[in-house]
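Peer 1: Next come the chains, spelled out residue by residue.
There are 2 protein chains.
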Amino acid sequence: MSSNNNLDKRPHIVIVGAGFGGMAAAKELVNKAVDITLIDRSNYHLFQPLLYQVATAELSASEIAVPIRHIFEKAENLDVFMESVVSINADSQIVNAANGQQIHYDYLILATGAKHSYFGKNEWAQVAPGLKSIEDAYLIRNRILTAFENAEITTDPDIRQAYLTFVIVGGGPTGVELAGALAELAKKSLKRDFKHISPESSRIILVDAGVRLLAAFHEHLSQEAQKDLQEMGVEVFLNSKVAQIDANSVQIGDQTISSKTVIWAAGVEASPAGKWLGVETDRSGHISVNENLEVPGFNNIFAIGDTASFLPKDAERPLPGIASVAKQQGHFVGKFILAKVLGKRKLPVFRYLDLGSMATIGRNNAVVDLKGFRFSGIIGWLLWCSAHIYFLIGFRNRLLVASSWFWNYLSSQRSIRLILGATNIFDRNK
Amino acid sequence: MSSNNNLDKRPHIVIVGAGFGGMAAAKELVNKAVDITLIDRSNYHLFQPLLYQVATAELSASEIAVPIRHIFEKAENLDVFMESVVSINADSQIVNAANGQQIHYDYLILATGAKHSYFGKNEWAQVAPGLKSIEDAYLIRNRILTAFENAEITTDPDIRQAYLTFVIVGGGPTGVELAGALAELAKKSLKRDFKHISPESSRIILVDAGVRLLAAFHEHLSQEAQKDLQEMGVEVFLNSKVAQIDANSVQIGDQTISSKTVIWAAGVEASPAGKWLGVETDRSGHISVNENLEVPGFNNIFAIGDTASFLPKDAERPLPGIASVAKQQGHFVGKFILAKVLGKRKLPVFRYLDLGSMATIGRNNAVVDLKGFRFSGIIGWLLWCSAHIYFLIGFRNRLLVASSWFWNYLSSQRSIRLILGATNIFDRNK
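Chains as they are written, first to last, in our numbering: chain E, 1 to 430; chain X, 1 to 430.
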């Protein structure tokens, strides 16, 4: 599938990863004078910013994921290859897939994303899952909903309280959004569902090691978010380090909290793309790229999004691991490669345009930071909704998500609260 | 949770299973002078007749499943208990749950449904999954979609053909509906998705041991269904017994067909409720119930739906295992118990009202048999759509399913075609 039978040899561009970065790069290259192979483990592109709503029973996975083949059905020069990548041979310009196939590239774009980092405590992964994939979201949804079912069944008041205590580790946007959504689930949507427990009495604890929530936002918005969460009944623990997590409790400083459900939103590390190439990375595995987003030592390999670390001129710290960085980098690399292929003499350099940041805190409320313009409350929420609908791919998904939100807004219902059972259902028949 | 603290001792009715039968019984008893415990392994009621559309990427699971607690949120006398049942002690009137809890009953309704039966060839379960649960539907959807991905990747023409060959065993409504939906998926929805294969060239083979499809329908409709499926490119093998199934092939009579994807729609057997009680059952595990749907030897235990076998007066064979039988039996038992509780002297006997049967064959086409009135084609399809929307529980689901169908009708798209990965995601945090 990597071979190119055209008489004019067109450059073959391999993109690994169909997240925001990889998709943006592919879109620039589609139906141009190149051949593209887009490799991903999954057959869909996932709109990760709304994943926490799948985890909290508000949206269905299919509302925020679109089959990659569908997105590119009109692309004549793009091959989709559903497989994992296991290694790269940069000398012979070959990507090795898990099924043994070798894909030759002229240009390689690494957009392989990040996974959770437990800062060396990998045993916590089992008891405190993170939220990166649809499977993660289903797992977390199952755990949250089952906790209420188990609380309803048990006759032991201590165990009941442990089932009704939810700890979210990490006060960035994911942690804040999860805490807000979980507070609403417990205190509104599930209110009338149980006979023996009051879901309203659930404890939802948001823990962060720093001095404030949403450290990347303006301080004013951090305070706003904290106040709003507290009004919704979320307990916010700042300056608090998690010392230990097991299946029944979390130790925060010298306090031990009984909890059956801990969710990890604290840290990520880059995919092993740096290791595949044998290049230097930072502690979290990011490859430091140059102003063209090239991997040091290679002028035909690019790293973007969460795979890369890019320090803008005169900036104190690298760009954050957010969707808009990945998208802008993807578009840049697509254009950059085209310029090279076309033999243009003047090549662009990457400049990031900061579009701001936003996080929602339950219904009717979001904090939005648009380069000096700051919004919160209902105006923030409407901005947040509009932006997310706008950036979703596909008319159908936009319509469905907007309808689901409208429905939830009117009814406070969470309709997706299915607990799915059985293991090994996701066997791929290979 | 089974204890009853009212001063007036109200009879406690335990319903095992929240399928069509159990739900109907519960609805009759809600907010009456009884206490109800409804036990199910899952936290949702599933609208099984549309499950094949989840398996063929047309609907999302949450569109056809509703949380049981949500359905009964206004019921003051109903406890939902999410657990499996492992045994029954009829002497002390106790149901034993998997978590060790014992639930005492005054009346017990067994509505535990059925599972696939491989007629003693249980090793086929792994290679030829059946379609009873959401998990089954996800597994089958994954296998179907992954087969196309693998066909696209492989360079071996024989392996490619095996990936593009789908065998459905069993020509009842489920098999017919699956075959039609799969033919549309392959020949329409996926048509433009691949570069190296033509999904239209897929073989879809529907195998049945009998002389015609849809044996429970009028012969005219069986022929209609067969003709329509064949026009859609489905190969119908009648009088054909499956002799062997493995991961790479199916042996039908003395013909061996290479196929990587086999789906089982051939037979079911009842849940082990008969064994729990130590009563006699037929070969498929059904308990023969009397005219009050009582289990022989017990005047406070009822079996309904797929758990029971009921032979109407003057009938040649027992009622079929379909939703309308289960629902009517559920309503009957609910009313019957109420009549007993109220001390009515004249108790009803169960009579089944045959409402007919229907099966859809792709878009625009269904066969419908309404007691002498028979419809096919677009009229049949509109009847089929209306009936299914009508019987779905919940306004939201009706709206969503109707919208999805309308969308699919306009676009031929299957939007839910996500292949989900990873095992053990459905861990329930117990």
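Please keep in mind that the hints were generated in silico from the structure rather than gathered at the bench. Take the hints with a grain of salt, since some may be wrong.
Copies of one chain are not kept apart here, so a pair can be met inside one copy or by any two copies together.
Quick list of in silico lysine-lysine cross-link-like pairs, DSS-like style, CA-CA up to 30 Å [what the hints assert, rightly or not]: (1) K187 with K344; (2) K195 with K340; (3) K121 with K74; (4) K313 with K188; (5) K187 with K74; (6) K188 with K74; (7) K188 with K32; (8) K9 with K74; (9) K195 with K371; (10) K32 with K187; (11) K187 with K9; (12) K191 with K340; (13) K335 with K195; (14) K195 with K32.
Peer 1: Give a verdict on every hint.
Peer 2: Hints versus structure:
no. : hint           : verdict
1   : K187 with K344 : neither (59 Å within a copy, 44 Å between copies)
2   : K195 with K340 : between (67 Å within a copy, 27 Å between copies)
3   : K121 with K74  : neither (45 Å within a copy, 45 Å between copies)
4   : K313 with K188 : neither (47 Å within a copy, 51 Å between copies)
5   : K187 with K74  : between (46 Å within a copy, 17 Å between copies)
6   : K188 with K74  : between (44 Å within a copy, 15 Å between copies)
7   : K188 with K32  : between (51 Å within a copy, 27 Å between copies)
8   : K9 with K74    : within (22 Å within a copy, 69 Å between copies)
9   : K195 with K371 : neither (48 Å within a copy, 44 Å between copies)
10  : K32 with K187  : between (52 Å within a copy, 29 Å between copies)
11  : K187 with K9   : neither (62 Å within a copy, 33 Å between copies)
12  : K191 with K340 : neither (60 Å within a copy, 35 Å between copies)
13  : K335 with K195 : between (59 Å within a copy, 25 Å between copies)
14  : K195 with K32  : between (62 Å within a copy, 17 Å between copies)
Of the numbered hints stated above, those contradicted by the structure are hints 1, 3, 4, 9, 11, 12, listed in ascending order.
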